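Chains Z and U: place on chain V using the hints.
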Amino acid sequence: MSLSLSMPAPAVMPAPGDAPPALRHLLGIRGLTRSQAEALLAEARSWKAARAGRLQALSRRPLAGRRIVTVFYEPSTRTMTSFHVAAAALGAEAVDLPVSRSSVQKGERLDDTLETLESLGADAVVLRHPQTGAAHYAARHLSIPVINGGDGTGEHPTQALTDALTILERRGRVAGLKVAILGDIRHSRVARSNALLLELLGAEVWLSGPAAALPPAGAFGGARVTLNRDEALEGADVVMALRVQRERQARGLLPPPGAYRSRWGLDARDLERCSPDVVLLHPGPVNRDVEVDGRLLEDPRCAVLQQVANGVAVRMAVLHTLLGQGGGRSWSTCSSAAGW
Amino acid sequence: MSLSLSMPAPAVMPAPGDAPPALRHLLGIRGLTRSQAEALLAEARSWKAARAGRLQALSRRPLAGRRIVTVFYEPSTRTMTSFHVAAAALGAEAVDLPVSRSSVQKGERLDDTLETLESLGADAVVLRHPQTGAAHYAARHLSIPVINGGDGTGEHPTQALTDALTILERRGRVAGLKVAILGDIRHSRVARSNALLLELLGAEVWLSGPAAALPPAGAFGGARVTLNRDEALEGADVVMALRVQRERQARGLLPPPGAYRSRWGLDARDLERCSPDVVLLHPGPVNRDVEVDGRLLEDPRCAVLQQVANGVAVRMAVLHTLLGQGGGRSWSTCSSAAGW
Amino acid sequence: MSLSLSMPAPAVMPAPGDAPPALRHLLGIRGLTRSQAEALLAEARSWKAARAGRLQALSRRPLAGRRIVTVFYEPSTRTMTSFHVAAAALGAEAVDLPVSRSSVQKGERLDDTLETLESLGADAVVLRHPQTGAAHYAARHLSIPVINGGDGTGEHPTQALTDALTILERRGRVAGLKVAILGDIRHSRVARSNALLLELLGAEVWLSGPAAALPPAGAFGGARVTLNRDEALEGADVVMALRVQRERQARGLLPPPGAYRSRWGLDARDLERCSPDVVLLHPGPVNRDVEVDGRLLEDPRCAVLQQVANGVAVRMAVLHTLLGQGGGRSWSTCSSAAGW
Chain V
57 MSLSLSMPAP AVMPAPGDAP PALRHLLGIR GLTRSQAEAL LAEARSWKAA RAGRLQALSR
117 RPLAGRRIVT VFYEPSTRTM TSFHVAAAAL GAEAVDLPVS RSSVQKGERL DDTLETLESL
177 GADAVVLRHP QTGAAHYAAR HLSIPVINGG DGTGEHPTQA LTDALTILER RGRVAGLKVA
237 ILGDIRHSRV ARSNALLLEL LGAEVWLSGP AAALPPAGAF GGARVTLNRD EALEGADVVM
297 ALRVQRERQA RGLLPPPGAY RSRWGLDARD LERCSPDVVL LHPGPVNRDV EVDGRLLEDP
357 RCAVLQQVAN GVAVRMAVLH TLLGQGGGRS WSTCSSAAGW
Chain Z
57 MSLSLSMPAP AVMPAPGDAP PALRHLLGIR GLTRSQAEAL LAEARSWKAA RAGRLQALSR
117 RPLAGRRIVT VFYEPSTRTM TSFHVAAAAL GAEAVDLPVS RSSVQKGERL DDTLETLESL
177 GADAVVLRHP QTGAAHYAAR HLSIPVINGG DGTGEHPTQA LTDALTILER RGRVAGLKVA
237 ILGDIRHSRV ARSNALLLEL LGAEVWLSGP AAALPPAGAF GGARVTLNRD EALEGADVVM
297 ALRVQRERQA RGLLPPPGAY RSRWGLDARD LERCSPDVVL LHPGPVNRDV EVDGRLLEDP
357 RCAVLQQVAN GVAVRMAVLH TLLGQGGGRS WSTCSSAAGW
Chain U
57 MSLSLSMPAP AVMPAPGDAP PALRHLLGIR GLTRSQAEAL LAEARSWKAA RAGRLQALSR
117 RPLAGRRIVT VFYEPSTRTM TSFHVAAAAL GAEAVDLPVS RSSVQKGERL DDTLETLESL
177 GADAVVLRHP QTGAAHYAAR HLSIPVINGG DGTGEHPTQA LTDALTILER RGRVAGLKVA
237 ILGDIRHSRV ARSNALLLEL LGAEVWLSGP AAALPPAGAF GGARVTLNRD EALEGADVVM
297 ALRVQRERQA RGLLPPPGAY RSRWGLDARD LERCSPDVVL LHPGPVNRDV EVDGRLLEDP
357 RCAVLQQVAN GVAVRMAVLH TLLGQGGGRS WSTCSSAAGW
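Chains as they are written, first to last, in this note's numbering: chain V, 57 to 396; chain Z, 57 to 396; chain U, 57 to 396.
Don't take each hint at face value.
A pair counts as met if it fits within one copy or between any two copies, since identical chains are not told apart.
For lysine to aspartate or glutamate, the following EDC-like pairs were computed, each having C-alpha atoms within a straight-line distance of at most 20 Å [what the hints assert, rightly or not]:
hint, residue 1, residue 2
1, Lys234, Glu260
2, Lys234, Glu174
3, Lys104, Glu130
4, Lys234, Asp168
5, Lys104, Asp349
6, Lys234, Asp345
7, Lys104, Glu290
8, Lys234, Glu130
9, Lys234, Glu290
10, Lys104, Asp152
11, Lys104, Glu260
12, Lys234, Asp333
13, Lys104, Glu171
14, Lys234, Asp323
15, Lys104, Asp333
16, Lys104, Asp168
17, Lys104, Asp286
18, Lys234, Glu328
19, Lys104, Glu255
20, Lys104, Asp167
These are computed hints drawn from the structure, not numbers from a lab. Because the structure is a prediction, the values reported are computed rather than measured.
For reference, chain V alone in the conformation it holds in the complex:
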């Protein structure tokens, strides 16, 4: 198996040719080619280096004058802030449209809201929505790029790219690694996007969780599914614990916190089953001492804060790929000072 991502040291500035052709939206990992995914990761590494190294690339404000609108029907401070930081780093302006799950219930139509945004002058939309498929729906109704910030039990592609970048930095490659994802797999868009992306990049993905939380066969690509947590952990190079949704515990769909912890929570002993240089991931925010023993969060094998930092770089790559070099609306490319 080739080490697909043992690419040469990336050029600091992505050359135009690096951009995957014809990527108009980022709706999911499903639909991405391996070369598109690799190009996004390479560009993310470049932006991270540019931010760390005070490079000219950023002082040119490559997305100056562009406005990115975040529309989050489910709150997520971390993901939303990450997009806002990424936009600002590229010189773009990010604004949040304050909406809520209750807007969905009041029967406001998503396409009406989004078309209004486009008329107001948005250059791209980042959408989080409780309904699976919402981002695809939005992309069909809008002429500007749509980024899926999480749709129901569908996908969360920027999180998966973030996690892949973190693995790449820690282990030098993705291909050939054994990755265990633990928790409420079936309802997790993070698990789905990660399983699809890591498999695309050549990893061997194992999924494990309570019986009711395991996915139907084939729903997560070719990932192996097991009720035997130890089998998933055995020799794993990467372990990803998913966040427990407390409301699902309250409804009896998952074991209550204490039982969850003793059965599925990760502690130092569990990591001993894994590869000695295992990487511990969690999409955050962590419920300490539920999914992960709090002490493990200080462990050098834990990469949670690195994931946060990489989330910014990945979102810069996505925004720049979709909006840079003349992508999106043309009128707003005229001047780095134009605003909108």
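For chains Z and U alone, kept in the frame of chain V given last:
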């Protein structure tokens, strides 16, 4: 009747002389002269052209260093966002002061809040408030420009200017047109500002709605009031449906949604009574299939999204007129980079 | 007693040497030296002059590319806005992380939240938190500067610096003045920071309030404590009324509003006991006719709005001191246009 607004192609940049003299605030259409209104509309057209044409006018960031504060005691994502986008397009910074209707109930005094804002360094305030007259009250207490973003059942002047600009673009003129406004007229600041502005510009305005929703004589200038909806629609060049406030339906002050739709909702058959090139307007957000048949929203005669785009241009014109060329505080005009 | 703050007219731009050495955080007045406090006040005066005089200092955007994050577990529109305005005036970007007191109750760990912020790329954090000591706790966990925006019954240092600057402008000096602070002293971080700062600068501080609201001996430095309000007011050069927390009245810990007003509220007759050029301060927002007779707010001796304006200048000084000239993260100093 002269075609008052069949003005020559507007200069791309408004010359200083275009600005209406002595417009310190925009509190309502009442109090505006026809030439002031026409100047605002001409400037809005110019800004729209400037944004579309990548012109230098915007790259100079004419309001750089100015800060516009929005204070919305009633939520309105669309209007507030429109002001923020307009401010950013001119290089100004817009911030929202998070307040709520509950602040009014807690007895916080509006003038205390506004004086604090002025001391903090705001250059202009956009105020939405449930009490009629709130913007006039604010203007008496502040030395910076006040823009009425909607006051109780009073006025909503930027919405009316937006609608007039849309009519102008669609029909080439306002004077001499028959305009029908339908719905809960009596309590609608949108209806009031539109009736006053369109009459000022030479249109013939008809108002129609449920009996309890019709205004007392003279309350809306010289507009004609009728219970006979068909009479209002007959040959109309413009039809504007007002948004139904669901809480007023819940309190029995308006027919419930189903009854409202069948009696007052607009559908394709209704438009057949109108002029062949009728323009359908709605201030948004539309309650689909209540005020307007959902299918009409895709009809080319429907200008709802054009209204949204024009709202930005109109607000740019208003902000630039009130703050440009040395308006507002003098200290903040010093440098395009000064911030505040 | 020397007039410690009768400093020479400050240079418009603070010279590098003015910055107090080694001020990494601003956690409280306790821990500041007199020269550090004086340097911050001198720098605040310079920034105020720079803003008023259209000076080049601001057009250089000295904190361009830096991002300040405000994290307010207790809402405070005024303080938060003041920090945002100060940041923007220096060219930095300010974002608010939306949190709430309920986040504290849900057991989200403060250090997890703050470490996430740092990973996202924040250059400084302004923290308001209901627990005393929260800012010190944050400073121990973060490598970026922490500014205490108010911690429980601990300190509120930027408010005290604001008040000292206002006294300085009104009276030309702080040293040797008699300052009376009235109200719920014991639980007031504003009172504590003011007592410590004004004493540090050489003033004679008197504290007076209801018996249950007086502090234990020594808790507020060397300030004199008295139940006799008239004794505190007699000949006072400065009178500061504290804001009443209505929830504490509701719980019976303070007299109810009517009783509070008649016993502790300030009116024109009270000011007659004071120095003829007494300065009336209040941290705001004022409960009119509770702590202060509403008519006094229009009195020229009342400096409440001047306090608001000075709050911006003080926060500019604090941010510039902590982040300017290479403070904070080094990577973000590279370019005035870099964003983050």
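Taking the hints in turn, this is what the structure says about them:
1. In the homo-oligomer, the alpha carbons of Lys234 and Glu260 lie at most 20 Å apart inside one protomer (5 Å), although the nearest pairing across protomers, at 70 Å, exceeds that limit.
2. Taking CA atoms no more than 20 Å apart as the test, Lys234 paired with Glu174 passes in neither setting, with 43 Å inside one copy and 30 Å between copies.
3. In this assembly of identical chains, Lys104 and Glu130 lie within 20 Å of each other by CA distance neither inside one copy nor across copies; the values are 28 Å within and 34 Å between.
4. In this assembly of identical chains, the alpha carbons of Lys234 and Asp168 never lie at most 20 Å apart, being 44 Å within a copy and 28 Å across copies at closest.
5. Taking the shortest Cα distances, Lys104 and Asp349 never come within 20 Å of each other, neither inside one copy (30 Å) nor across copies (50 Å).
6. In this homomeric assembly, Lys234 and Asp345 never come within 20 Å of each other (Cα to Cα): the closest approach is 25 Å inside a single copy and 54 Å across copies.
7. In this assembly of identical chains, the alpha carbons of Lys104 and Glu290 never lie at most 20 Å apart, being 33 Å within a copy and 62 Å across copies at closest.
8. For a Cα distance limit of 20 Å, the shortest separation of Lys234 from Glu130 qualifies neither inside one copy, at 32 Å, nor across copies, at 45 Å.
9. With identical chains, the CA atoms of Lys234 and Glu290 are at most 20 Å apart within one copy only, with a shortest distance of 9 Å there and 73 Å across copies.
10. In the homo-oligomer, the alpha carbons of Lys104 and Asp152 never lie at most 20 Å apart, since the shortest distance is 24 Å inside one protomer and 23 Å across protomers.
11. Taking CA atoms no more than 20 Å apart as the test, Lys104 paired with Glu260 passes in neither setting, with 27 Å inside one copy and 54 Å between copies.
12. In this assembly of identical chains, Lys234 and Asp333 lie within 20 Å of each other by CA distance solely inside one copy; the values are 12 Å within and 65 Å between copies.
13. In the homo-oligomer, the alpha carbons of Lys104 and Glu171 lie at most 20 Å apart only across protomers (18 Å), although the nearest pairing inside one protomer, at 33 Å, exceeds that limit.
14. Taking the closest pair of Cα atoms, Lys234 and Asp323 come within 20 Å of each other only inside a single copy of the chain (19 Å); across copies the shortest separation is 60 Å, beyond that limit.
15. In this homomeric assembly, Lys104 and Asp333 never come within 20 Å of each other (Cα to Cα): the closest approach is 23 Å inside a single copy and 55 Å across copies.
16. With identical chains, the CA atoms of Lys104 and Asp168 are never at most 20 Å apart, being 36 Å at best within one copy and 22 Å at best between copies.
17. In this homomeric assembly, Lys104 and Asp286 never come within 20 Å of each other (Cα to Cα): the closest approach is 35 Å inside a single copy and 63 Å across copies.
18. Only within a single protomer do Lys234 and Glu328 lie at most 20 Å apart by alpha-carbon distance; the minimum there is 15 Å, versus 67 Å between protomers.
19. For the homomeric pair Lys104 and Glu255, neither the shortest alpha-carbon distance inside one copy (24 Å) nor that between copies (48 Å) is at most 20 Å.
20. In this homomeric assembly, Lys104 and Asp167 never come within 20 Å of each other (Cα to Cα): the closest approach is 35 Å inside a single copy and 24 Å across copies.
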